[in-house]
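Participant: Listed here are the chains, written in short residue letters.
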Amino acid sequence: MALLSRVATVLYVLGRDVERTEHLARLLRVHFELSLDRSAPSGRHFWSDFLQLAGWPAPDPVVREHAIALVLSDAAGPSLRRSLESARRAGQAVRPSLSIETWQQLNSLYWRLSDAGWQGRPDAYLRQVEMGTQLIAGLVDDTMTHDEAWNFVKLGKYLERAANVIRLVERKASELAEHDEDAIAWASVLRSCASLEAFRMRFGATMSAQVVSRFLLLDRLSPHSAAFCIGAALAAIQGIDTDGESPPHRVLGRLSATFQYADPAQVGASPAKLITRFDEQNAELHQALRRNYFQPSQLALDYAGDQLTRHPQQQQQRSEG
Amino acid sequence: MGSVVPAQAVVRGDSYDEMLAAPGRPRRPYLRIHQRLQTLGHSELRRRQRLAQRVFRELGITFTVYQDDRGIEKLFPVDLIPRVIDDRTWARLERGLKQRVTALNLFLEDVYGDQRILRQGAVPCDLVLSADGFLRELVGLRAPRGLHCHVAGIDLVRDHSGDFYVLEDNLRTPSGISYVLANRQILKRVVPELFIGYDVRPVEGYCHEFLSNLRWLAGSDVADPTVVLLTPGIYNSAYFEHWYLAKQMGIDLVEGSDLVVDQDRVFIRTTDGLRPVHVVYRRVDDEFLDPIFGRPDSLVGIPGLVNAYRAGGVVLANGLGNGVADDKAVYTLVPDIIRYYLGEEPILPNVRTYLCTRDAERRYVVDHLQDLVVKTVAGSGGYGMLIGPMSTLAQRARMRRLIEAHPRRFIAQPVIDLSVQPVITASGLASRHQDLRPFVLSGPETTVAPGGLTRVALRPGSLVVNSSQGGGSRDTWVTASEDGTP
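Which chain is which? The protein sequence lines are A and B, in order. Mapping to our numbering: the first sequence position 239 is 239, numbers consecutive. Every number in our numbering is 1000 more than the matching position in the second sequence, counting from 1.
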């Protein structure tokens, strides 16, 4: 049964927003912990660098409490609260397409967080967000039919995750350009991508910019590497376009090949080229998605258009050009 | 559920109590329930009530009310004490409801067809044709399978002696059935012990039955008809009901922007292009349904939808123009309508109603505003209503002027002493007024979902059971045995 275009769009947005919420929570928690026992590597720029990483335009130096408050609940910027609200609104709009369990977890996470507030203790709050969003992801997989609707959620989720890890590697590579061997800084990059454990199992405790970048971009088995996510996004679109003929399918296939057959040594030494390739093909992919699935009849679909252009991740990509 | 029409209620001391014949003396159908409530105890009941509300909130069983342009999500509170109707009482209600809706469907088919009833003078022509809900441009249109109203919500009240009356008919987009289904589920979950020994008739079959009726409407030449539910969107106050029903029926929940009309055929926009739609269960009002036909500023409508309907390219449920039959002045004609089409006496009586278009009745109304309830004839949601005993001098003066200027717009009824039943409050059980909205489905057969929605005025002495005014609801049981013995 074919899916309503609006529903496909909103499911995709839902996948992105849930992933984005989890990413922001983890990113903030890792930086909060990092700031506790360390005069940050970039000194007084620590929190403004962080804000930029989280999608805010380069701000003046800010203090910790202010930065945390912004990322948690700013009403204007791409804050955690806004992505969760957006995820819930998306969930409401496509309520019949989600399983009861998925919806209930999303909705109750929203209410729990808006009832509680972070009350000066970001750590417990953020762990609750991470656990809550992971639970949603698990329920999506385990309680929903793996049909076209499900594949659009997965597509959104993995494209968001791939973009997040790539942005992180790009930014940290330049931020830490002078600190190639700074094990603590690179460990927290891995932690921000929920990849520290997986990395240590593979490479032990030795850490360098090269090995970490390569791992985060190209590892085939870690579910938080860019290559893995693009592969998973490709699998999702294979589930949507079973004929294998749609333009988004072809673009994503090429993107996946770019990552699968990239030269690890070259990427480790200079990830910039691969990242530029990603940005180009990702832009092409989104154009194709819009034309083929989200607005196939070329008629105004306000909701979809709005959601896509207003999406924080999209803004972030544009501002980073 | 802001669109639910409020019933009226005034505490007069001698209201009929559904559960208690006298303080501490439950009526027969409530014997076991009463005993079990005592056993559970007040604090346990409160705990379970909170649990029920939490589950409702987590499931998103909420409605939106608007204040200062901001939508606020509210719960529609459910009381855990069920209302019990024994099956003898129910059988009579069911017959009366079927009779009424059958006659109203025949009336609609006639008014938009040959207008036999008007030409023969069985009911006054001018009263019918002057109804706001009468859509002249639809005269001559044959409704698919001859049915205009596929789902009706008929509001019933009980007076001080316990007799049932029809307070009003809702034949356009009646809401509330989702709460019937949700209330039953939540009661099973939080107070399962109340059910034991009662042979409660299930309500779950509603969605299955309704969907098969909708598919039947598509006509026999469509092998596998596509049915969709059209909602104004997530900010509509009844959105919960819309997604809930769509999910229960397994049909697409669509918004206006999902539909396209091309050459009098209706399509949904999918990831695989346009696909034909045969039946639209629409929860968008007549005037907003199509900007070409109704309000040009409608943002939720679909251009061309009404023309497609007229050309037979799509079935709308409910049909267009039903407002002529649930107009509150035409309501006074329903007993005659039943006699005319069915040759039977009405089983369920109307409430005494004064028509302001009749000079003598209007004079009585303006002289007795303090004792009457005045309603606008086309209104729903309680807008523009005046409740005499609760009104101020200024409000009555204003209403008097309005009635004199626009007599066709108003009717008046005596204040009905609605029945009461205890609800669980912070300080123990307390009496609250309630009404009953059963849902009647018309298809190959006319059926009534067992029970219906009991709406409860949760504030003491409150006049309205409307959800936006602090109203709630309770599960309604039709039981096979009179006293709850197995």
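Hints may contain errors.
Said to hold, decoys possible - For the chain A half of the interface with chain B, some residues (derived, Cβ under 10 Å), not all of them: (1) S97; (2) I100; (3) Q104; (4) R202; (5) F203; (6) Q287; (7) N292.
What the hints assert, rightly or not - Output of the computed footprint for chain B on chain A, the stretches with three or more beta carbons under 8 Å from beta carbons of chain B: (8) 4 to 14; (9) 106 to 116.
By construction, these hints were calculated from the structure, which means they are not laboratory data. Beta carbons are placed, not taken as given, at the ideal position from N, Cα and C, and that holds for glycine.
Participant: If a hint holds in the structure, say so; if it does not, say that too.
Facilitator: Comparing the hints with the structure gives:
1. S97: This interface hint holds because 8 Å falls under the 10 Å limit.
2. I100: With Cβ-Cβ at 7 Å, under 10 Å, it holds.
3. Q104: Check passed: Cβ of A:Q104 comes within 5 Å of chain B, closer than 10 Å.
4. R202: violated, 39 Å
5. F203: Since chain B brings no Cβ nearer than about 42 Å to A:F203, farther than 10 Å, the hint is violated.
6. Q287: Hint on A:Q287: violated, closest Cβ of chain B at ~16 Å, above 10 Å.
7. N292: holds, 8 Å
8. 4 to 14: This one holds; 5 residues, not fewer than the three required, reach chain B with a Cβ under 8 Å.
9. 106 to 116: holds (count 3)
The structure shown violates the earlier hints numbered 4, 5 and 6.
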